[in-house]
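Work the whole structure out from these sequences, hints included.
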Amino acid sequence: MHWIALSEKDTTNGTLEKRLWDAADQFRANSGLKSQEYSAPVLGLIFLRFAELRFSAQRTRLEKA
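Residue numbers (our numbering): 7 to 71.
Just so you know, these hints were derived from the structure itself, not from any lab. Each hint should be verified, as a subset may be incorrect.
What the hints assert, rightly or not - FRET-style restraints, in silico, Cβ to Cβ:
(1) Val-48 to Gly-20: 17 to 27 angstroms
(2) Leu-68 to Gln-42: 34 to 44 angstroms
(3) Phe-33 to Glu-58: 13 to 23 angstroms
(4) Asp-28 to Leu-54: 13 to 23 angstroms
(5) Lys-24 to Phe-53: 15 to 25 angstroms
(6) Leu-68 to Arg-34: 35 to 45 angstroms
(7) Thr-66 to Ser-37: 31 to 41 angstroms
(8) Thr-66 to Asp-28: 21 to 31 angstroms
As the list claims (entries may be wrong) - When the alpha-carbon atoms are kept at most 20 angstroms apart in a straight line, the in silico SDA-like pairs for lysine to any residue are as follows:
(9) Lys-40 to Trp-27
(10) Lys-24 to Glu-69
(11) Lys-40 to Lys-24
(12) Lys-24 to Arg-34
(13) Lys-24 to Ala-71
(14) Lys-24 to Arg-55
(15) Lys-40 to Arg-55
(16) Lys-24 to Pro-47
Every residue, glycine too, gets a C-beta built ideally from N, C-alpha and C.
Here it is as structure tokens:
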């Protein structure tokens, strides 16, 4: 899987993202949910992250023009 490099904003929010990831991991491990029950929200969050990165890149490009 190819990961997109972190932006400057992302490095300042790294602690928040780590805390959110750890909370999600604890939820997954301790909730007793099946993967089918938590995969849709998780995939939605992954898509939103991807969309935010793409939007930020386009916004930067347009602001420079």
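Going down the list of hints, with the structure as the test:
{"no.": "1", "hint": "Val-48 to Gly-20: 17 to 27 angstroms", "verdict": "19 angstroms, holds"}
{"no.": "2", "hint": "Leu-68 to Gln-42: 34 to 44 angstroms", "verdict": "40 angstroms, holds"}
{"no.": "3", "hint": "Phe-33 to Glu-58: 13 to 23 angstroms", "verdict": "22 angstroms, holds"}
{"no.": "4", "hint": "Asp-28 to Leu-54: 13 to 23 angstroms", "verdict": "19 angstroms, holds"}
{"no.": "5", "hint": "Lys-24 to Phe-53: 15 to 25 angstroms", "verdict": "20 angstroms, holds"}
{"no.": "6", "hint": "Leu-68 to Arg-34: 35 to 45 angstroms", "verdict": "38 angstroms, holds"}
{"no.": "7", "hint": "Thr-66 to Ser-37: 31 to 41 angstroms", "verdict": "38 angstroms, holds"}
{"no.": "8", "hint": "Thr-66 to Asp-28: 21 to 31 angstroms", "verdict": "30 angstroms, holds"}
{"no.": "9", "hint": "Lys-40 to Trp-27", "verdict": "18 angstroms, holds"}
{"no.": "10", "hint": "Lys-24 to Glu-69", "verdict": "30 angstroms, violated"}
{"no.": "11", "hint": "Lys-40 to Lys-24", "verdict": "23 angstroms, violated"}
{"no.": "12", "hint": "Lys-24 to Arg-34", "verdict": "15 angstroms, holds"}
{"no.": "13", "hint": "Lys-24 to Ala-71", "verdict": "34 angstroms, violated"}
{"no.": "14", "hint": "Lys-24 to Arg-55", "verdict": "14 angstroms, holds"}
{"no.": "15", "hint": "Lys-40 to Arg-55", "verdict": "23 angstroms, violated"}
{"no.": "16", "hint": "Lys-24 to Pro-47", "verdict": "18 angstroms, holds"}
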